[in-house]
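*Asks:* All chains should be built: construct the whole structure from the sequences, respecting the hints.
For the record, the sequence lines run as chains A and B. Numbering of the first sequence is given in this note's numbering, commencing with residue 674 and proceeding in unit increments. Numbering of the second sequence is given in this note's numbering, commencing with residue 43 and proceeding in unit increments.
Hint data in this document are derived by calculation from the structure and do not stem from the laboratory. Every residue, glycine too, gets a C-beta built ideally from N, C-alpha and C. It is possible that some hints are incorrect.
[Unchecked claim] Label-pair distances were calculated between CB atoms; the ranges are:
(1) B:Thr243 with A:Pro779: 56 to 66 Å
(2) A:Ala785 with B:Ala95: 20 to 30 Å
(3) A:Ala784 with B:Met81: 52 to 62 Å
(4) A:Ser743 with B:Glu83: 23 to 33 Å
(5) B:Ala374 with A:Arg804: 23 to 33 Å
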Amino acid sequence: MSPHGNPEVPASSAGDVESSAAKVPAGPAGPASADSGSTSSVSTSSTSPTPDRSVWPLWEVFVRSSRGLSHVHAGSLHAPDAAMALRNARDLYTRRNEGVSIWVVPADAIAASDPDAKGSFFESPQGKDYRHATYYTKSEGVKHL
Amino acid sequence: MAAQNLQSVPDQPAVPGRDEADEQARLEAEGQAYFDKVMAEDSRIEPKDWMPAAYRKTLLRQISQHAHSEIIGMQPEANWISRAPSLKRKAILMAKVQDEAGHGLYLYSAAETLGQSRDKMMDDLIAGKARYSSIFNYPALTWADMGAIGWLVDGAAICNQVPLCRASYGPYGRAMVRICKEESFHQRQGFEILLELSNGTPAQKQMAQDAVNRWYAPALMMFGPPDDDSPNSKQSMAWNIKRFSNDELRSRFVGMMVEQVRVLGLTLPDSEVRFNEETKKWEHGPLDWEEFKEVLAGRGPCNAQRLERRREAHDDGAWVREAAAAYAAKQARKHAEKEFAA
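*Replies:* Here it is in structure tokens:
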């Protein structure tokens, strides 16, 4: 059907989709039917076997919602380069004036703490209540303190 | 792959020796204990945390199906952009369809954190191997359907999605928060379309009623099969992914629609809707679950058309993806040469 063709003529060939459509996607990788035979010789940095199927890198998007506030993580997206990542981020994460500034960061440039080291990595502040104002109770009731 | 540092794919030793197997078992047990604690505290699981394989699989299925639904869901409405009755309605419809694309992308991102590549998900959808919400396999026959889809279909979606904002998997919950914020505009604009038609000529009012009549039952079925025929629900609720049962949400939705349809000056095509004073729940007439299963199995009125259109759009967009990749490669080369020269 053409994109602006007769709206919604119920397909006469509804039976074309075989019942395998009922299968759930979560199974092991089946033969992905990458049938767009067009092969360009574009090779983006990596060693992707089929150039037109090369995976665009993942970018993490940070949005500053208004001046004076810090950039906050909004989500992620795929894009071939930083310029496209910025444009896509604008369209994807600021359709309603959610931002005045956007950062995009290659996801693999982010170093993250190891979640398995939860305990030990964040151990140091524990038992150091005296780093909080609430630790000091004797001044309770004293004004402006 | 680039997303690697955001995922936890447990390394399997190539040839597990005895010590390695023991170590693996110890890690599993530790992971499970931590996971159980997170569930008991109603806290959140994040991508790098250990999680049971079945939890990962369930989430991946649910989130990817949800993403596919948003993407396929663009079609019934996109078909009406060129026929919207005014410039205002056209602009609104375009914004809504763009939102659906955005929602699909938020959700694909969330699914990717579970270790599935986006290309694989896209391929599964195009190959007809993935499921999406059965509702989008019904045709949108008149302009009033834009109203009924917004009011009933997006209304049901909101009912389903608000509790998902508290889903135990962090990235899913965060995507849902963003989506829910945007959905409410969708429902209201649909309501307005119906209200205007309902207050128009008798023929327009009839068109609005006809659309409500056709979308009512499919919208109720969006909540999924009845509780006693929904095998996965219990586990999903134990994992804090799902917060309320299918029937519970459906009943709430019916209650809301009963109120709202009065304001519209229309009626619901269901003579058995009533509030049960004993259970304090709204009840509705029987739904055709055979039809639901048929549509889900790929034999609904528009399944073939929807997939064909998606395939076409994907193929038609191939040159854009190639051009963007070529441009990025060229810019990177230029940049590298400059660096070298400097």
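*Asks:* Look at each hint and say if it fits the structure.
*Replies:* Status of each hint after checking the structure:
1. B:Thr243 with A:Pro779: 56 to 66 Å: holds, 57 Å
2. A:Ala785 with B:Ala95: 20 to 30 Å: holds, 23 Å
3. A:Ala784 with B:Met81: 52 to 62 Å: At 29 Å between Cβs, range violated.
4. A:Ser743 with B:Glu83: 23 to 33 Å: holds, 29 Å
5. B:Ala374 with A:Arg804: 23 to 33 Å: violated, 46 Å
When each numbered hint is compared with the structure, violations occur for hints 3, 5.
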